[in-house]
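Throw the hints in and build the complete structure from the sequences for me.
There are 2 protein chains.
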Amino acid sequence: MKRFENREWRDSMRLRVDYNNMMQEFVGMRGIGAAMLAEQRPQYEAAALRMEEKRGEMKWRQLPFSQSEVVHQILETAAWVRRNCDAFVVLGIGGSALGPIAVQQALSHLRYNDLPAAKRSGPKLYVEDNIDPERMASLMDVIDPARTVFNVITKSGSTSETMSQLLWATDFLKNAVGDAWREHVIATTDAEKGNLIKIAKENDLRTFFVPDGVGGRFSELCPVGLLAAAVCGIDIEELLAGAAYMDALCSEQDALKNPAYILAALEVLAMKQGCNISVLMPYVDSLRFMSDWYAQLWAESLGKRYACSGREIYAGQTPVKALGVTDQHSQVQLYTEGPFDKVITFLGVDRYRVEVPIPHAYDHIPDVAFLSGHTFNELIKAEQAATEYAVCKSGHMSKTITLPEVNAFTIGELICLFELQTAFAGELLGLNAFDQPGVEEGKKATYALLGKPGFAAKKAELDARPARDMRYQV
Amino acid sequence: MKRFENREWRDSMRLRVDYNNMMQEFVGMRGIGAAMLAEQRPQYEAAALRMEEKRGEMKWRQLPFSQSEVVHQILETAAWVRRNCDAFVVLGIGGSALGPIAVQQALSHLRYNDLPAAKRSGPKLYVEDNIDPERMASLMDVIDPARTVFNVITKSGSTSETMSQLLWATDFLKNAVGDAWREHVIATTDAEKGNLIKIAKENDLRTFFVPDGVGGRFSELCPVGLLAAAVCGIDIEELLAGAAYMDALCSEQDALKNPAYILAALEVLAMKQGCNISVLMPYVDSLRFMSDWYAQLWAESLGKRYACSGREIYAGQTPVKALGVTDQHSQVQLYTEGPFDKVITFLGVDRYRVEVPIPHAYDHIPDVAFLSGHTFNELIKAEQAATEYAVCKSGHMSKTITLPEVNAFTIGELICLFELQTAFAGELLGLNAFDQPGVEEGKKATYALLGKPGFAAKKAELDARPARDMRYQV
Numbered sequence: 001m002k003r004f005e006n007r008e009w010r011d012s013m014r015l016r017v018d019y020n021n022m023m024q025e026f027v028g029m030r031g032i033g034a035a036m037l038a039e040q041r042p043q044y045e046a047a048a049l050r051m052e053e054k055r056g057e058m059k060w061r062q063l064p065f066s067q068s069e070v071v072h073q074i075l076e077t078a079a080w081v082r083r084n085c086d087a088f089v090v091l092g093i094g095g096s097a098l099g100p101i102a103v104q105q106a107l108s109h110l111r112y113n114d115l116p117a118a119k120r121s122g123p124k125l126y127v128e129d130n131i132d133p134e135r136m137a138s139l140m141d142v143i144d145p146a147r148t149v150f151n152v153i154t155k156s157g158s159t160s161e162t163m164s165q166l167l168w169a170t171d172f173l174k175n176a177v178g179d180a181w182r183e184h185v186i187a188t189t190d191a192e193k194g195n196l197i198k199i200a201k202e203n204d205l206r207t208f209f210v211p212d213g214v215g216g217r218f219s220e221l222c223p224v225g226l227l228a229a230a231v232c233g234i235d236i237e238e239l240l241a242g243a244a245y246m247d248a249l250c251s252e253q254d255a256l257k258n259p260a261y262i263l264a265a266l267e268v269l270a271m272k273q274g275c276n277i278s279v280l281m282p283y284v285d286s287l288r289f290m291s292d293w294y295a296q297l298w299a300e301s302l303g304k305r306y307a308c309s310g311r312e313i314y315a316g317q318t319p320v321k322a323l324g325v326t327d328q329h330s331q332v333q334l335y336t337e338g339p340f341d342k343v344i345t346f347l348g349v350d351r352y353r354v355e356v357p358i359p360h361a362y363d364h365i366p367d368v369a370f371l372s373g374h375t376f377n378e379l380i381k382a383e384q385a386a387t388e389y390a391v392c393k394s395g396h397m398s399k400t401i402t403l404p405e406v407n408a409f410t411i412g413e414l415i416c417l418f419e420l421q422t423a424f425a426g427e428l429l430g431l432n433a434f435d436q437p438g439v440e441e442g443k444k445a446t447y448a449l450l451g452k453p454g455f456a457a458k459k460a461e462l463d464a465r466p467a468r469d470m471r472y473q474v
Numbered sequence: 001m002k003r004f005e006n007r008e009w010r011d012s013m014r015l016r017v018d019y020n021n022m023m024q025e026f027v028g029m030r031g032i033g034a035a036m037l038a039e040q041r042p043q044y045e046a047a048a049l050r051m052e053e054k055r056g057e058m059k060w061r062q063l064p065f066s067q068s069e070v071v072h073q074i075l076e077t078a079a080w081v082r083r084n085c086d087a088f089v090v091l092g093i094g095g096s097a098l099g100p101i102a103v104q105q106a107l108s109h110l111r112y113n114d115l116p117a118a119k120r121s122g123p124k125l126y127v128e129d130n131i132d133p134e135r136m137a138s139l140m141d142v143i144d145p146a147r148t149v150f151n152v153i154t155k156s157g158s159t160s161e162t163m164s165q166l167l168w169a170t171d172f173l174k175n176a177v178g179d180a181w182r183e184h185v186i187a188t189t190d191a192e193k194g195n196l197i198k199i200a201k202e203n204d205l206r207t208f209f210v211p212d213g214v215g216g217r218f219s220e221l222c223p224v225g226l227l228a229a230a231v232c233g234i235d236i237e238e239l240l241a242g243a244a245y246m247d248a249l250c251s252e253q254d255a256l257k258n259p260a261y262i263l264a265a266l267e268v269l270a271m272k273q274g275c276n277i278s279v280l281m282p283y284v285d286s287l288r289f290m291s292d293w294y295a296q297l298w299a300e301s302l303g304k305r306y307a308c309s310g311r312e313i314y315a316g317q318t319p320v321k322a323l324g325v326t327d328q329h330s331q332v333q334l335y336t337e338g339p340f341d342k343v344i345t346f347l348g349v350d351r352y353r354v355e356v357p358i359p360h361a362y363d364h365i366p367d368v369a370f371l372s373g374h375t376f377n378e379l380i381k382a383e384q385a386a387t388e389y390a391v392c393k394s395g396h397m398s399k400t401i402t403l404p405e406v407n408a409f410t411i412g413e414l415i416c417l418f419e420l421q422t423a424f425a426g427e428l429l430g431l432n433a434f435d436q437p438g439v440e441e442g443k444k445a446t447y448a449l450l451g452k453p454g455f456a457a458k459k460a461e462l463d464a465r466p467a468r469d470m471r472y473q474v
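Chains as they are written, first to last, in this note's numbering: chain S, 1 to 474; chain Z, 1 to 474.
Heads up, a few of these hints could be off.
Each pair may be met inside one copy or between any two copies, as identical chains are not told apart.
[What the hints assert, rightly or not] Pairs of lysine-lysine residues, derived as DSSO-like cross-links and limited to a Cα-Cα distance of at most 30 Å, are as follows:
(1) Lys452 - Lys381
(2) Lys381 - Lys174
(3) Lys458 - Lys393
(4) Lys54 - Lys198
(5) Lys174 - Lys452
(6) Lys393 - Lys459
(7) Lys174 - Lys54
(8) Lys443 - Lys193
(9) Lys393 - Lys272
(10) Lys381 - Lys458
Don't read these hints as lab results, they were simulated from the structure.
Printed below as a string of C-alpha cells:
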C-alpha cells in the first residue's frame with residue numbers, strides 16, 4: 001500500500017494558508033478590511049457556482065482522476081529510458097518546460113545533474129526552453145546522442161522554437177546513430193492534429209498525448225510533466241494523489257473556507273487597491289522554480305485586454321519570482337520601504353528533509369558564536385518569520401502558504417491549488433483565463449521576418465514601420 | 001598587447017542604446033513626449049553636476065582604474081586555485097553572489113560545471129547564496145573538501161548567513177584535512193573592521209579586501225567578483241577595461257548623449273507616468289543572470305521610504321527578470337495585453353559566439369520546412385525583433401541595449417552602465433541610492449528569534465504581537 005492511500009497520512013500533508021498579514025487588523029490601513037471580504041460574498045458565491053458549472057470544460061481538472069492507464073504507460077516508458085539512457089532532454093517551451101523544471105527541482109536531489117550516475121535516481125535531465133544558438137551548441141558538449149532520449153513536447157506541433165529543436169535533434173541523432181534515431185525521440189503532442197503527430201506516425205516514434213482542452217500552462221499533470229518526472233524517479237502517482245486531495249478541498253463552495261478561492265479573492269481585492277505586483281517568495285530552495293511556473297500561470301491567464309463581456313480592461317498582475325533568504329539581500333529593502341503596490345506570498349515548510357547543524361568554531365567571537373549550536377533549519381525559519389514580521393510592520397501585505405514537507409503529494413497539492421486560484425481569479429475578473437490572444441502578433445511577425453509562406457502582408461506591415469529616429473539612439 | 005589596448009577594437013565594442021519605442025511618436029500616447037524630455041533638461045543638468053561633484057565619494061567608480069596591484073594578486077591566487085582545486089565555492093549573499101554568478105554565466109561555457117574537467121577552463125564554481133539546510137547538505141554530495149577552496153565574502157563580517165556557512169565549511173574542512181583547512185579558505189572582507197578579518201588574521205588565511213565605500217551591490221568589479229571570475233579563466237583586465245570605457249562615455253554632461261543618464265531619465269519619467277515595474281529581458285541565454293544582479297542594484301538602491309530631504313516618498317520600481325525567447329511563452333501575453341505599468345528593457349547582441357544551422361529533415365511538411373535552412377541565430381533575432389514590434393504596437397514602452405557581442409569587455413561596460421544609471425536615477429529622485437535601512441528590521445528580528453545577546457527588547461516586541469486570527473487561516 002502506498003502511503004497516500006492512508007487517509008491520516010494525507011490529512012497530515014494538508015497545505016495551510018494564513019492570510020492574517022493581508023488584513024487591516026494586522027497590517028494596518030493599507031490592508032484588506034474584514035468588511036470588504038464580507039461585501040464581496042455574493043460575487044464569490046456566483047463565481048464558485050460558475051466554477052462548478054464549468055468543471056466539465058476545465059479538462060485539466062480531470063487529470064488527477066482520469067489517467068491510470070496513461071500513468072501505467074508512462075512508468076513503462078520511463079523504466080525503459082532509465083535503463084538505456086544517460087540523459088533525458090525535454091525540448092519544449094512555456095508550459096512544456098516550466099512544469100517539468102519546477103517539479104524535478106522540488107523532488108529530486110538539489111544538484112541532481114551534478115551527482116555521479118551511481119548516486120542519481122535517473123538519467124541527467126535537460127529542459128531546453130530557449131533557442132539561443134550558444135545554448136544549443138553547448139548542449140552538444142555535454143550529452144552523448146547514443147545515450148540520450150529527446151522528449152519533444154508541443155501540443156499544436158507548430159511551436160517554431162520546439163520544431164526547430166526537433167530538426168536539430170533529428171540531425172544530431174542521425175549523424176550519430178543513423179536510422180536508430182527514431183528510438184531516441186518521444187513525441188508528446190495532440191492525438192490527431194498538427195505536424196508533430198504526423199511526424200511521429202511517419203517515423204513510428206514513441207508517443208504520448210496532451211488531452212483535449214488542456215492548455216500549456218495547465219498541463220503539468222498530464223504526460224507533458226509526468227514523463228520527465230517519472231524518468232527522474234519521482235512518484236507520479238503520489239503527485240496526482242496530492243492534486244486530487246487539493247481538488248476536493250477546493251470544491252468547497254464557501255470561498256472563505258476554500259484555499260484556492262480565498263487566495264484568489266485576496267489577490268483580486270489587492271489588485272483593486274492598486275497592487276499590480278504578485279511576489280512568490282519560497283523559503284525553500286527546492287521550490288525556487290515553482291515561482292517560474294506560477295509566473296506563467298498567473299501572467300498569461302490574467303493578463304488580458306478584454307473582459308468576456310468585450311469591455312477593454314487591460315487586466316493583469318505582474319508576477320515576481322523571489323527566493324528566501326537570498327532575496328532578503330536584494331529585494332526586501334524595496335518590499336519594506338517601497339510603494340504599496342504588491343502582495344507577497346511566502347511559501348514555507350514545517351520540516352526540511354534534512355537537519356544541518358551550525359557547528360562551533362570561533363567561540364571566542366560572540367557575534368559569530370551565537371549562531372553555533374543552532375541549525376540551518378532554525379536559522380532559515382527565523383529569517384522567514386523575521387521577514388514576514390518586517391514586511392507586515394512596514395504596512396505591506398503578505399500571506400503564507402505552508403507545506404508540512406516537500407514531497408510528491410504536497411507538490412501535487414500546490415500545483416492544483418495555484419491552478420484553481422488562477423481559474424477562480426479569472427471568474428472574479430470576468431475574463432477568459434484559458435486563452436492567450438496577445439502572443440499571436442509576435443508569432444506572426446516572426447513568421448513574416450523568416451519568410452514563411454502566407455505572411456507577405458505582415459512582412460509589408462513590418463517594412464512600412466517609420467524609420468528609427470537617430471536622436472533616440474546613444 | 002591585449003586587444004582592449006587597441007582603440008579601434010574598443011570602439012567596435014561600444015554598447016548601443018535605442019529608445020525609439022519609449023517615445024510617443026513610436027509607441028503612442030502612453031509613451032514619453034519629446035517635450036517632456038526637453039522640459040526636464042534643467043533637472044538633468046543639475047543631477048549631472050552632482051554626479052561629478054560626488055565622483056570622489058562614489059568609491060566604486062574608481063574600481064576600473066585603481067586596482068592594478070590587486071589584479072596582480074588575484075591572478076596569482078587564481079592560478080594557485082586552478083592548479084590545486086576541482087571546486088571553488090563562493091560563500092556569500094546579495095552583492096557577493098549575484099555579480100559572480102552573472103559574470104561567470106555570461107563569460108564561461110554555458111554548462112560550465114557540467115563539462116568534463118579537461119574541457120573546463122577552471123575548477124567547478126558553486127555560489128552558495130542561500131542557507132536552506134537541504135541545499136547545504138546537497139553541496140557535500142558533490143564536492144571533495146580536500147580539492148575545494150571556499151571564498152567567504154562579507155564586508156562587515158556580520159552577515160549571519162555567510163558566517164554560518166563559514167562555521168559549516170570550517171568544520172567540514174577540519175574533518176577532512178585537519179589543520180590544513182586554513183589553506184582552503186580565502187576571506188574577502190573589510191581590511192580592518194569586523195569578525196571575518198579577525199578570524200582571517202588569527203588563522204593566517206589568504207585575504208582580499210573590499211575597498212572602503214564600496215557597497216555590496218556595487219562590488220562586482222572589486223575582489224568580490226574578480227577572484228571568482230579569474231578562477232574560471234575570465235579575463236578580468238578586459239572586464240575592468242570595459243568598465244573604464246563605459247565610465248568615460250558616461251562622463252558626458254549632456255544627459256541625452258550619456259547612455260546611463262538617458263536610461264535613468266527615461267525610467268524616472270516612466271515611473272512618474274505610473275510604470276512601477278522595470279523588466280529586463282535579455283535575448284541572450286548567457287545574460288540571464290545579469291537580470292538578477294540588476295534586480296538587486298535597482299530595487300535596493302531606489303526602494304526608499306525617505307528622500308534625502310526627509311520627505312516620505314515610498315519610492316522604488318520593482319525589477320522583473322525575464323528571458324527571451326523563453327518568456328514569450330510565459331510573460332509576453334501580459335506585456336502586450338496587460339496594464340500600462342511597466343518598461344521593458346531588451347538586451348540583445350549583434351553576434352552570438354557561434355552559429356547553429358537549423359537542418360533539413362521534414363521537407364514535405366511546409367509548416368516545419370520553412371524553418372530549415374535558417375539558423376538559430378536568425379530565429380532568435382527575428383523573435384526579438386517581432387516581440388519588440390508586438391510590444392510597441394500594443395502601446396507599451398520598451399527600449400533596447402545592444403552588445404556587439406558578449407565578451408569580458410562588453411560585460412564590463414554593461415555593469416558600469418547599470419551602476420551609473422542607478423546612481424543617476426537616485427539623483428533624479430532625490431534619494432540616497434547607496435544605503436539599505438529597510439533590511440535592519442528583519443535582521444534584528446532574526447537576532448531576537450535566535451537569542452543573540454542584546455536583542456531582548458526586540459524579542460519582547462515580537463512576543464507582544466497579537467495572536468493570529470484563526471478566521472484568517474484555511
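Verification of the hints:
1. In this homomeric assembly, Lys452 and Lys381 come within 30 Å of each other (Cα to Cα) only across copies, at 15 Å, whereas the closest approach inside a single copy is 54 Å.
2. With identical chains, the CA atoms of Lys381 and Lys174 are at most 30 Å apart between copies only, with a shortest distance of 28 Å across copies and 52 Å within one.
3. When the C-alpha separation of Lys458 and Lys393 is checked against a cutoff of 30 Å, the pair qualifies only between copies, where the shortest distance is 13 Å, while the shortest distance within a copy is 53 Å.
4. Taking the shortest Cα distances, Lys54 and Lys198 never come within 30 Å of each other, neither inside one copy (32 Å) nor across copies (66 Å).
5. When the C-alpha separation of Lys174 and Lys452 is checked against a cutoff of 30 Å, the pair qualifies only within one copy, where the shortest distance is 26 Å, while the shortest distance between copies is 63 Å.
6. Proximity of Lys393 to Lys459 under the C-alpha cut-off of 30 Å is restricted to the inter-copy arrangement: shortest distance 15 Å between copies versus 54 Å within a copy.
7. Taking the shortest alpha-carbon separations for Lys174 and Lys54, neither the intra-copy value of 46 Å nor the inter-copy value of 62 Å comes in at or below 30 Å.
8. In this assembly of identical chains, Lys443 and Lys193 lie within 30 Å of each other by CA distance solely inside one copy; the values are 19 Å within and 56 Å between copies.
9. Proximity of Lys393 to Lys272 under the C-alpha cut-off of 30 Å is found in both arrangements, the shortest distances being 22 Å within a copy and 27 Å between copies.
10. In this assembly of identical chains, Lys381 and Lys458 lie within 30 Å of each other by CA distance solely across copies; the values are 17 Å between and 54 Å within a copy.
This entry does not satisfy hints 4, 7, going by the numbered hints stated previously.
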